[in-house]
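Each chain, written out:
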Amino acid sequence: MKETRLGEFEEVILLLVGILGEGAYAFKIAEEFESQTGRSVSIGATHSTLDRLENKGFLKSEMGKATAERGGRRKRIFTITALGKRVLKESKDFKMALWEQYPAFAGKLNYGGVM
Amino acid sequence: MKQHKTIPPALAQRFLLRFLRVDLAEEVLGDLDEKFYINVKTKSLFKAKINYWYQVFHYLRPFAIRKSESMYSTSCAMYKSYFKIGWRNLLKNKTYSLINIGGLSIGLACCIAIGLYIWDEFSYDRFHTRYRDIYRVVDQQVMGGDIFNIAATPGPLGSALTSDFPEVQQFCRVSRMRSAGILQHGESAVEPQELLVVDNTFFRVFDFKLIQGNGEKALREPNDVVITQSMAAKFFGPDWQSAGIIGKQIQFSDDRVLTLVAIAEDPPTNSHIQFDVLLSCRYDELNSPYYNWNSNNYHTYVLLDPNADAQALNSKLYKHLSKYISNTTDITLSLQALSDIYLYSDFDFQTDWSKTSDIVYVQIFLAVGLIVLLIAISNFVNLSTARATKRAKEVGVRKVIGALHKQLVSQFLSESLTLTSLSVCLALFLLQLLLPLLNSIASKSLHIPFQEPYFLFAIIGFTVTVSLMAGIYPAFHLSNFQPAKVLKGLFASRSGQLFRQTLVVGQFTFSVILIIGTIVIYKQLTFLQNKNLGFDKSRLLYVALKNDLPSKALLMKTDLQNQASIAGVSLASNNLIDVVRSTGAVEWEGKVSDDKILLTHMNVDYDFLSTTGMTLLTGRNISPSISSDTVSAYLVNETAAKRMGWNPTEALGKKLAMWGYKGEVIGVVKDFHFRPMTATIEPFLFRYWPRESCSGLFVRAKANQVQQVISAVEKIYKKYDAKSTPYYQFVDEGLQNQYRREQNTARIVSCFSVIAIVVSCLGLFGLATYTSEQRVKEIGIRKVLGASVSSIVRLLSQDFAKLVIIAILIASPIAWWSMNYWLQDFAYKINLEWWMFVLSGVAAIGIALLTVSLQTVKAAVINPAKNLGSE
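Keeping their order, the protein sequence lines are chains A and B. Numbering-wise (the numbering used here), the first sequence opens with residue 261 and increments by one. Numbering-wise (the numbering used here), the second sequence opens with residue 118 and increments by one.
Since the hints were derived computationally from the structure, they do not count as laboratory data. Remember, predicted model here, so these are calculated numbers, not experimental data. Take the hints with a grain of salt, since some may be wrong.
[To be verified] The list that follows gives simulated cross-link-like pairs (lysine to aspartate or glutamate, EDC-like), each with its CA atoms no further than 16 Å apart:
1. K325(A) to D676(B)
2. K708(B) to E781(B)
3. K158(B) to E270(A)
4. K288(A) to D150(B)
5. K345(A) to E270(A)
6. K835(B) to D665(B)
7. K472(B) to D383(B)
8. K835(B) to D724(B)
9. K674(B) to D712(B)
[As the list claims (entries may be wrong)] Computed far set for chain A versus chain B, every beta-carbon distance over 12 Å:
10. E268
11. G281
12. I289
13. E291
14. V301
15. T306
16. L310
17. E314
18. R330
19. G332
20. K352
21. P363
[What the hints assert, rightly or not] Some chain B residues near chain A, calculated using beta-carbon distances under 10 Å:
22. Y171
23. H175
24. K507
Using N, Cα and C, we set each Cβ at its ideal position, and we do this for glycine too.
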């Protein structure tokens, strides 16, 4: 059976792939992850997650064009598949549903207020 | 090894390609490249390379690793065979193996111990998060033609720098109260050991931690006080933490009431700033007479902006003081990095009261540690090549069967790796056992940081390096044998002999250098301890008077004088150990107008000369019956008289003024040492000013009555001050303590020279065993033909003796040069004499021959029939 759940890290990576669009390859995604979350991550860890997401069918990838800046080597560009988009949406909807049930926040999704 | 081109580390790339899935190579290499070049731009080349390695290691993940190939199984079997043969060889030659592993592990243990020591020395003050941005402002003054480095700076300097230079973010002043008083709260009274006066920025500039209280607010008010946890435990008992002690009032000396505002953690041992009580600098600003531009009383630390250019600030600071003080052309300021303070401080007049060490001693230990390691490695190489004959047949057979040169090299290298790993384990075990001893010798608290990953990496790297150093020559030597020759038995047993001899010479050269070094250091230390100081240091006690005792000094003196066990008592303003109170404000008859001297001075009474046993060359002592002596009488030392242009007789009656107080020279005292032997004797002056209270008493005990004197001093001290513990010191002990670092070094160097000799001898013993085995037939035939035992022993020993003599010849000039270099630090020193070299040489030859004779005698007394019978 294929694993279809999304971990927290996987979800963020998947979203970042979506955000970066054409420029989504392992190094860029790792950089973006660091700048968005402030947490450091190695390229290897990102790459391994991308590989896993691709195996699950949430991502597809192909080799891009050669560029001079990296010694003429090509990049592997990742794009979200339809399945990937659906999983992301489901994950969001599920969380929203949970938020709605939380009485203190119901109706006003406002972080700072109640602490 | 060094590579300055900005390309990713090639080794890391090769490593990556070895394990990475082939289809991933292109994209991964590209990504890592991109990361690398961004790092080069934003950080540094070094950091970028480190990061590259980090990234490569992070690709060691299941998805990225290539599936292994089947060739694994054969090479595995091959390694098994190597290991098996290696192990059998180890067991077959037990003596060799023991010498090899034993020697190597002793050497490694020394090296690791010294590594730990040096690591500890370099770890000082690096626990502050911003230690790179913290500097101490120090100054250099020219006085009387001499340059003096001074660690202390004027009180107002810190805030002036902060307002003058935008790159100075914060400053913190630290001053030490030398004659600290007593802290009292209710019944409990504690005497602080390290009482510092600091600014309220102390906890922001430095990373000293608070357990209770607020670091932002602490020490803002003049009477705030912060104490350390151990001080709190002494004060309020072990459960002070729940006692709610913050805000309590503490009486300090007689005139100040302090408010306890915070409890700090004890400062880490690897901090040059040590304290147990902190007072507020604000009090000094308001009340201290020494808080002005003309007194240097504070260490001024500045915290710079991380982007600031410290070099540029340093040059801007150089003449900056002239903005605030007139006529200061000869005082210049500079910055000293925080991480340099512990190892690179050499300041005059005891202005640096922080805990410091000296880089020279770190260098000495490093050199000695490496020497011992080299000697141990040479042993290993020697014994392995000597043993080569035994393994020649094995090499021949392996080659005939089809082993490649490369494979043989890797076989022998893996053997040396196994042996080294074994030795490293043994060394760590040895070290763990001996560390308490080492700690007590070096007065440190070192431990082996097994749980630290960097330590494990370092040990692995160290093991690999040592095994390569030890194994590379034997490996190539052995694998170069020609199978046809060795299998026929046409093997030159003398192969590699020159190389082995060179190594033995090298080993003994180092050993002899260490022996000479030990002799010279000990000789110099005994010289320092026995040198006539110009006064009698034996049975002389110095009692320091604290709090309000100086005002009662005369009463105490009378009480002490009445004791039968005491031969003499004198008031004095200082102890005689390292006297640094000095002034340049001196005028004398016939002075050239711009002549400046630095005059060290002391306030004493008329009993001083007789109590300390100093000699009056000319003139008279101060007299209690001549009333003008309390104002206008000065005693000077010979050097002062000479410096002022008089001989001892001329000096009498000459006019002299200190700080504007006019008087005349009434006597000249024979020169005496008042500073450590690293300094020459300088001009000195005694004055008799009863109006200035004296903070010390010298007490001379009668022979064999020292114990009685101690109890008398304690009793009388208690009589006048019941609260504080009497502080007294025997002058000779105090003088000894000045050379504690030298004594530590002497002890450590002598330990290591013994180890070096032992390890060298182990190697020699191994070689002697080998040669006597080689020449067993020759010895048999010589005996049959009538040679005596002694002639055979001589024959076998002379080869070794020759080598040791060559070593002595090489070692002597090197030792002479390096010991001269060490002695330069001392103003008073021994001369290097020929007997030191001869003694070391004789010792080395003696020890070497003794070691060799253990084997040679055995070989010589064996019945020749036994040896020759076998053929």
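Against the structure, the hints come out as follows:
1. K325(A) to D676(B): violated, 99 Å
2. K708(B) to E781(B): Holds, because 14 Å separates the two Cα atoms, which is no more than 16 Å.
3. K158(B) to E270(A): violated, 30 Å
4. K288(A) to D150(B): The given pair, whose Cα atoms are some 12 Å apart, holds under the 16 Å limit.
5. K345(A) to E270(A): With a Cα-Cα distance of about 13 Å, the restraint between K345(A) and E270(A) holds, given a limit of 16 Å.
6. K835(B) to D665(B): holds, 13 Å
7. K472(B) to D383(B): The hint holds at about 15 Å.
8. K835(B) to D724(B): violated, 24 Å
9. K674(B) to D712(B): violated, 40 Å
10. E268: Non-interface label stands for E268(A): nearest chain B Cβ at 19 Å, farther than 12 Å.
11. G281: holds, 18 Å
12. I289: violated, 10 Å
13. E291: Check fails; 8 Å does not lie beyond 12 Å.
14. V301: violated, 9 Å
15. T306: violated, 9 Å
16. L310: violated, 10 Å
17. E314: violated, 10 Å
18. R330: violated, 4 Å
19. G332: It is violated; G332(A) is separated from chain B by about 9 Å at its closest Cβ, not greater than 12 Å.
20. K352: holds, 27 Å
21. P363: holds, 38 Å
22. Y171: holds, 7 Å
23. H175: holds, 3 Å
24. K507: This hint is violated: K507(B) lies away from chain A, its Cβ roughly 48 Å from the closest one there, beyond 10 Å.
In summary, the structure is inconsistent with hints 1, 3, 8, 9, 12, 13, 14, 15, 16, 17, 18, 19, 24 from the numbered list given earlier, while agreeing with the others.
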